[in-house]
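Novice: Throw the hints in and build the complete structure from the sequences for me.
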Amino acid sequence: MKRIPAAAMLCLLAVLAGCSKVPAGNVGVIVNLYGSEKGVETREVGTGRYWVGVNEELYLFPTFTQTETWGGEEAISFQTVEGMKVGGAVGITYSVSPDKVTTLFQKYRAGIDEITNKFLRNMVRDAFNDVASKLPVESVYGAGKADLLLAVEKRVRDQVAPIGINIERIYYASDLVLPPQVTQSLNAKIQATQMAEQRRNEVAQAKAEADKERARAQGEADAKLTLATADAKAIEIRAQALRSNPDVVTLNAVEKWDGKLPTYMGSGSPLPFIGISK
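At position 40 of the sequence shown (counting the first as 1) the number is 40 in the working numbering, and the numbers step up by one without a gap.
Check the hints yourself; a few may be wrong.
[As the list claims (entries may be wrong)] Below, in silico cross-link-like pairs of lysine-lysine (DSS-like), each with a Cα-Cα straight-line distance of 30 angstroms or less:
| # | residue 1 | residue 2 |
| --- | --- | --- |
| 1 | K134 | K145 |
| 2 | K85 | K134 |
| 3 | K118 | K134 |
| 4 | K107 | K118 |
| 5 | K212 | K224 |
| 6 | K21 | K100 |
| 7 | K107 | K21 |
| 8 | K85 | K118 |
| 9 | K118 | K21 |
| 10 | K85 | K145 |
| 11 | K118 | K154 |
| 12 | K107 | K154 |
| 13 | K134 | K154 |
| 14 | K154 | K85 |
| 15 | K118 | K100 |
| 16 | K154 | K100 |
| 17 | K145 | K118 |
| 18 | K207 | K224 |
No lab work stands behind these hints, which were simulated from the structure alone.
Specialist: Listed below in structure tokens is the structure:
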């Protein structure tokens, strides 16, 4: 078998060394680094291996969902309408449109990492500052926090959609950090709100108990009135009966008499029941 000449071997190695791979789920852009042709080629490179010359560079753009979190020194900070500085870690998920990779590179002349952590981060930061600068700190930190995030997300999405970046979500990756005096003020307000709510509940409970007691007392009064009315009616009926039948009184007295005459009787005292008609 013939030996491969050293020069041919070197050429083969050079060719292999000049080949670069575009993995699945990526679109490549081959860039001319020098001369009058400096810029982006008119074609986008799909999955496969490609020859990249010494004056060229291959940039890879993943077209599947990317996630990035800016925290620590890269955390996003912004100011409210009062000038209060608020900050915290912010995350983003996005993808790149395969048919707009060339447009994206022509816009920023950078790879996906630099685009994400420099240009895209700046857009998110600027959106937070623009939206939050019109809001009080309570809206930024409290119930309006979600609305702020949605407004920022929409602003950035509209800004980058034409160049091929599809924003899926922007979110808080940590609690927002506020100046100590603001935190104390908000905590005091929350405590005051909770105490006011507790007082309202106590008043409502006391009112309910008072209403219950009044209802109970009214029920007792109604019962007594009903009983008294019944007694009065009974007395009235009995009195009417006695007026209509006077002999009933004498009859009752006879029924109660034990048959004994009084021990002492005056000369003019009548004998008991002498006048009773038979």
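Novice: Would you mind marking each hint as holding or not holding in the structure?
Specialist: Structure-based check of all given hints:
Between the alpha carbons of K134 and K145 the distance comes to roughly 13 angstroms, so the proposed pair stays at or under 30 angstroms and holds. For the given pair, K85 sits about 13 angstroms from K134 by alpha-carbon distance, which is consistent with the 30 angstroms threshold. Restraint check for K118 and K134: satisfied, since their Cα atoms lie roughly 25 angstroms apart, inside the 30 angstroms limit. Between K107 and K118, the direct Cα distance comes to roughly 13 angstroms. Compliance with the 30 angstroms bound is thereby established for this hinted pair.
Our distance criterion of 30 angstroms between C-alpha atoms is met by K212 and K224, whose separation comes to about 18 angstroms. Annotation: proposed proximity of K21 to K100 holds, straight-line Cα distance about 20 angstroms (limit 30 angstroms). Taking the CA atoms of K107 and K21, the gap is about 24 angstroms. The hint holds against a cut of 30 angstroms. Using a Cα cut-off of 30 angstroms, the hinted pair K85 and K118 holds, with the two alpha carbons roughly 21 angstroms apart.
Taking the CA atoms of K118 and K21, the gap is near 26 angstroms; set against the 30 angstroms cutoff, the hint holds. Simply put, K85 and K145 have alpha-carbon atoms about 15 angstroms apart, close enough for the 30 angstroms limit, and the pair holds. Under the criterion of a C-alpha separation no larger than 30 angstroms, the hint pairing K118 with K154 is consistent with the structure, at around 19 angstroms. Taken as a hint, the K107 and K154 pair is honoured in the structure, with Cα atoms around 21 angstroms apart against an allowance of 30 angstroms.
Restraint check for K134 and K154: satisfied, since their Cα atoms lie roughly 16 angstroms apart, inside the 30 angstroms limit. As the CA atoms of K154 and K85 are separated by approximately 22 angstroms, the hinted pair is consistent with the 30 angstroms bound. A hinted pair counts as satisfied when its Cα atoms are at most 30 angstroms apart, and K118 with K100 qualifies at roughly 19 angstroms. The straight-line distance between the Cα atoms of K154 and K100 is roughly 20 angstroms, inside the 30 angstroms bound, and the hint therefore holds.
Of the supplied pair hints, the one linking K145 and K118 holds, its CA atoms being roughly 25 angstroms apart against a limit of 30 angstroms. Between K207 and K224 the alpha-carbon distance is near 25 angstroms, which keeps this suggested pair within the 30 angstroms criterion.
Violated hints for the displayed structure: none, as all numbered hints are satisfied.
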